[in-house]
Amino acid sequence: MREEDRRAGLLRVAIAHEIEAAFAGVPRPDPPLTIGDGPIQDDVEQALAGKGASELTADDATEVRLDLWLLTPEAFAYYVPALLRIALSGDDEVDGLDEGIFDVLAPPGDPGLRARFDERMAQLDEPRRDALATFVCAFSDEHPELDGADAARAHWGCG
Amino acid sequence: MSLDQLREPPRAAPAVRRPPAAPVAPVARTPSPAAATLQRGCAGECTCGGTCGAAHDALGRTLSAAVAVRAPAGLLQRLKYPGQTCPDATLDVLHSDMKSICNQPFSCLKGALDCETLNARHAKAIECHTARKRIDTDCFGGNCDKAHKDVIQSVGRTVEGCAKKIAERGC
Chain S
0 MREEDRRAGL LRVAIAHEIE AAFAGVPRPD PPLTIGDGPI QDDVEQALAG
50 KGASELTADD ATEVRLDLWL LTPEAFAYYV PALLRIALSG DDEVDGLDEG
100 IFDVLAPPGD PGLRARFDER MAQLDEPRRD ALATFVCAFS DEHPELDGAD
150 AARAHWGCG
Chain Y
0 MSLDQLREPP RAAPAVRRPP AAPVAPVART PSPAAATLQR GCAGECTCGG
50 TCGAAHDALG RTLSAAVAVR APAGLLQRLK YPGQTCPDAT LDVLHSDMKS
100 ICNQPFSCLK GALDCETLNA RHAKAIECHT ARKRIDTDCF GGNCDKAHKD
150 VIQSVGRTVE GCAKKIAERG C
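Residue numbers (numbering that gives the first Met the number 0), protein chains in the order written: chain S, 0 to 158; chain Y, 0 to 170.
In case anyone wonders, no lab produced these hints; they're calculated from the structure. Be careful, since some hints might not be right.
Distance condition first, Cα-Cα at most 30 Å in a straight line; then the derived DSS-like pairs of lysine-lysine [as the list claims (entries may be wrong)]:
id: 1; chain 1: S; residue 1: Lys50; chain 2: Y; residue 2: Lys79
id: 2; chain 1: Y; residue 1: Lys145; chain 2: Y; residue 2: Lys132
id: 3; chain 1: Y; residue 1: Lys79; chain 2: Y; residue 2: Lys164
id: 4; chain 1: Y; residue 1: Lys164; chain 2: S; residue 2: Lys50
id: 5; chain 1: Y; residue 1: Lys98; chain 2: Y; residue 2: Lys79
id: 6; chain 1: Y; residue 1: Lys132; chain 2: Y; residue 2: Lys109
id: 7; chain 1: Y; residue 1: Lys163; chain 2: S; residue 2: Lys50
id: 8; chain 1: S; residue 1: Lys50; chain 2: Y; residue 2: Lys145
id: 9; chain 1: Y; residue 1: Lys79; chain 2: Y; residue 2: Lys163
id: 10; chain 1: Y; residue 1: Lys98; chain 2: Y; residue 2: Lys145
id: 11; chain 1: Y; residue 1: Lys109; chain 2: Y; residue 2: Lys79
id: 12; chain 1: Y; residue 1: Lys109; chain 2: Y; residue 2: Lys164
Listed next, the stretches of chain S that the computed footprint assigns to chain Y, with coverage defined by at least 3 CB atoms under 8 Å from CB atoms of chain Y [what the hints assert, rightly or not]:
id: 13; region: 45-53
id: 14; region: 75-85
id: 15; region: 108-115
None of the values given here were measured: they were computed from a predicted structure. Glycine included, every Cβ here is placed at the ideal spot set by N, Cα and C.
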């Protein structure tokens with residue numbers, strides 16, 4: 000492994016730990032964990048049903064990775080740190096998980112989606128927002144070509 | 000935006016008016032005139048911000064019940080979800096197709112992917128996007144459930160990301 004890759008891996012793990020520590024006190028939400036009513040919501044509910052954040056597996060993450068906008072604010076605060084741990088640890092590669100998490104952390108242009116984003120963020124205290132900012136800034140540094148990268152960097156105060 | 004601004008109370012989203020729903024997909028049942036009126040009235044007022052809410056759900060249940068009462072024996076069924084316009088069996092097939100497509104890898108972000116892989120992933124991302132849209136158009140009249148539309152858009156951003164990468168690389 001190249002030294003650069005090794006350092007990048009260590010940085011990712013450190014970010015995941017920082018986020019998990021910041022979100023440690025978030026209570027496990029009661030169902031429903033999703034907004035709306037449909038087959039995709041049911042998939043997410045089934046994947047997360049009865050699972051504590053530390054019990055989430057790569058298969059669960061694969062199941063929900065495209066659907067993180069469906070989570071209630073409470074489920075978002077509880078499960079997203081665990082999903083970030085899976086995305087950043089490198090133990091099990093879950094295609095598109097980090098991209099899916101970035102997508103829900105980049106401020107959307109759509110007014111309805113923006114209201115949901117603001118609702119989620121409003122419930123987080125400063126240490127939790129700072130921990131998420133660490134991920135957003137590092138990820139958008141790595142992938143400046145991503146749609147919403149500039150808006151995310153401005154929103155999260157990345158240097 | 001600064002973190003201080005984030006602490007402001009969330010603003011209510013402006014309602015986005017959408018055109019009336021497309022005609023209900025062919026289902027082997029005909030709603031009564033009263034049920035059809037209910038359906039048209041709701042669709043006309045419905046927005047993708049979910050502003051129909053409980054009232055729409057209640058109307059949807061009334062409509063489903065009205066449709067079910069008129070259905071021939073053997074076809075009696077309640078649809079699984081509010082606003083659903085296709086039979087459950089059709090929805091199950093589309094949903095199952097969507098899952099088998101979307102659970103395959105299609106992110107174009109990881110590592111230095113070659114042009115062949117990028118093009119293949121772009122094609123898969125388009126397939127996933129199409130499969131998700133199809134559930135909306137074929138089984139929900141292309142209307143309502145803002146949450147579902149949001150996750151369709153999310154996959155759309157992956158499609159755009161792949162296209163951008165392919166263009167940058169000159170593939």
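Numbered hints the structure breaks, given as an ascending list = The structure conflicts with hints 3, 4, 7, 9, 11, 13 and 14, although it agrees with all the remaining ones.
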